[in-house]
Amino acid sequence: MSSETNGQALETPAISCINVGKTWGADTDRAVEAVKGFNLDVGKNEFIVLLGPSGCGKSTLLYLIAGLQELTEGQIKSHGRPVVAPDSDRSLIFQESSLYPWLSVIENVAFGLKLRGMAKHKRRSIAIQLLNKVGLGGFEEKRPDELSGGMRQRAAVARALAMEPSVLLMDEPFAALDVQTRSKLQDFLIQIWRDSGASVLFVTHHIDEAIALADRVVVFTARPGTIKSIVPVELPRPRDHRDPVLRELRDQLIELLADEVDRAFAEQEQINDEDKIRA
Amino acid sequence: MSSMSNAYKVPGRLAKFASAAIWWIASVSLFISIWELCWYMKWANPMLFPPPHLFLQDLYFVGKLFDKSTRLGNPTAGLIVWTIAKTIGASTLRVLIGLCLAFVGSLLIGIAIRFSPLFGRLVLPVINLLAPVSPIAWLPVAMLIFGLGNAPAIFLVYIALFFIMTLATLSLIDSLPIAYAQVARIMGGTRLQIFVQVVLPAILPGLFVVLRLNLFAAWMIVLIAEAVGVGGGLGLVVMIARNTFDSQLAFFTMFLIGAVGFVMDMGLREIQRRVLYWAT
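For the protein sequence lines, the chains are A and B, in the order given.
So that you can map any letter, position 90 of the first sequence is 90 in our numbering, and since no number is skipped, the others follow by simple counting.
So that you can map any letter, position 39 of the second sequence is 39 in our numbering, and since no number is skipped, the others follow by simple counting.
Keep in mind the hints are simulated off the structure, nothing from the lab.
There could be a bad hint or two in this list.
[As the list claims (entries may be wrong)] Here are the simulated lysine to any residue pairs, SDA-like style, with alpha carbons at most 20 Å apart:
(1) A/Lys-114 x B/Arg-273
(2) A/Lys-142 x B/Ile-194
(3) A/Lys-120 x B/Val-196
(4) A/Lys-114 x A/Glu-140
(5) A/Lys-114 x B/Lys-64
(6) A/Lys-114 x B/Ala-181
(7) A/Lys-114 x B/Tyr-180
(8) A/Lys-120 x A/Met-151
(9) A/Lys-44 x A/Thr-23
(10) A/Lys-184 x A/Asp-240
(11) A/Lys-36 x B/Val-123
(12) A/Lys-142 x B/Leu-192
(13) A/Lys-114 x B/His-53
(14) A/Lys-120 x B/Arg-273
(15) A/Lys-120 x B/Gln-193
(16) A/Lys-36 x A/Gln-268
(17) A/Lys-114 x A/Ile-128
(18) A/Lys-122 x A/Glu-164
(19) A/Lys-77 x B/Gly-188
(20) A/Lys-228 x B/Val-196
(21) B/Lys-42 x B/Ile-25
(22) A/Lys-114 x B/Ala-202
(23) A/Lys-142 x B/Val-275
(24) A/Lys-36 x A/Lys-184
Please construct the entire structure, taking both the sequences and the accompanying hints into account.
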């Protein structure tokens, strides 16, 4: 089955969003439309960044693709098959690493394999390989609370990679980290992405991060979130932020986002006023 | 130069323990000193409030009262310490067994309520109905069903702890970070796997803290049950002291109860530290 939407792909897209919509509390009077009419195809090994102001629905979309939330409209397909439930083929990395504190690092990384019933020595050896790959060799027996934030996120990536996903969903994974760590982890992520051959859907509100990482930047509107624009970034990585092409791109994105940020704030003020009137 | 650096050596664990012990001794000594002072200055009636040096003397006679066989004038067959130890052991055993049963029971029932909504809808209202009923009200029920001896006392400890801990289990399950379950779902975990491998270890530390906090309630229930007459234990000795107006015995028993309770709490804290290392 081949994709028809973008006309060029010959293989089934890793993720296909068809007119996706999500309304919270759909039948109540406090219904909130988070995402509306969202259409996107994500190709194999493509790095897509979802960029938008806070509250625009980009994280909601990620959770819909992961299968953790249900759509109210439209359809999501993964490799041609509809998404109805969470699956390890679409692994999600949270903002807070959510490693289990009662398990050691290696037990955390091997957790998915354990759920599948893999034998202990086998899953341990896979986990050790992955930990070496993400640069945490030697930290196998440590507890998560003995690691720094950046290391925890790397362990979370290793945990996701253990399931050999074809799609990596990342919800502002570097938001809680300082600038230097964030930059290092961005390089690390690109390397992992190349090695694994997976598609990546990366949510952020940080323009520089988007430019450094993406093949395509999907710019969101304010709520209800839909695609405002898709900006391709066809530069080789690693990218130098001083490059004039990148500077232009940055300005372009700032302009695209500026309206949406204003709209998001205006809407928030309107909500505040409504609450005051109601109260 | 090396002697200078020694002065700044970070204290090891032994030093920390010694420091804690010294402060403990200082605090208790201060309390006892004030009590002894009151006795010395005749502010307190020695008949009613005998200070430690009074109720710890005559240990032989006081100890005799702890064992039925030695109470009425029979010479003790063995060491007097043994009678006291046996009595303490009886009460402690009842508390510990009740504790374990209640911990396991509330964990299982609490998890089952969340795992199976049907089970939850049938069981939770009954639990909410019975929870406020004080264990003391259960006392006659306990004695009717179990008679005298260890069984009713253990049953009452169980009742005292079970309802609170089941509700605590539910509260802990509900306040787990949602990401924990989401991670497991994405990895393909079944509902059962999630409950056993994620929910259970995640709530254990919190539940253990609740257990420790309720330890004293369990202690009190055992003593009340024994005082009322289930047979044996420190509670019975408290009643003997009351019936014979023996304040020396009363304070001695209080001292024992306090000491045993303190040791038990320390023991639980140590278990928590070793087994549930990931908790704060």
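* Checked against the structure, which of the hints given earlier come out wrong? -> Violated hints (numbers, rising): 1, 2, 5, 8, 9, 11, 12, 13, 14, 20, 21, 24; every other hint is consistent with the structure.
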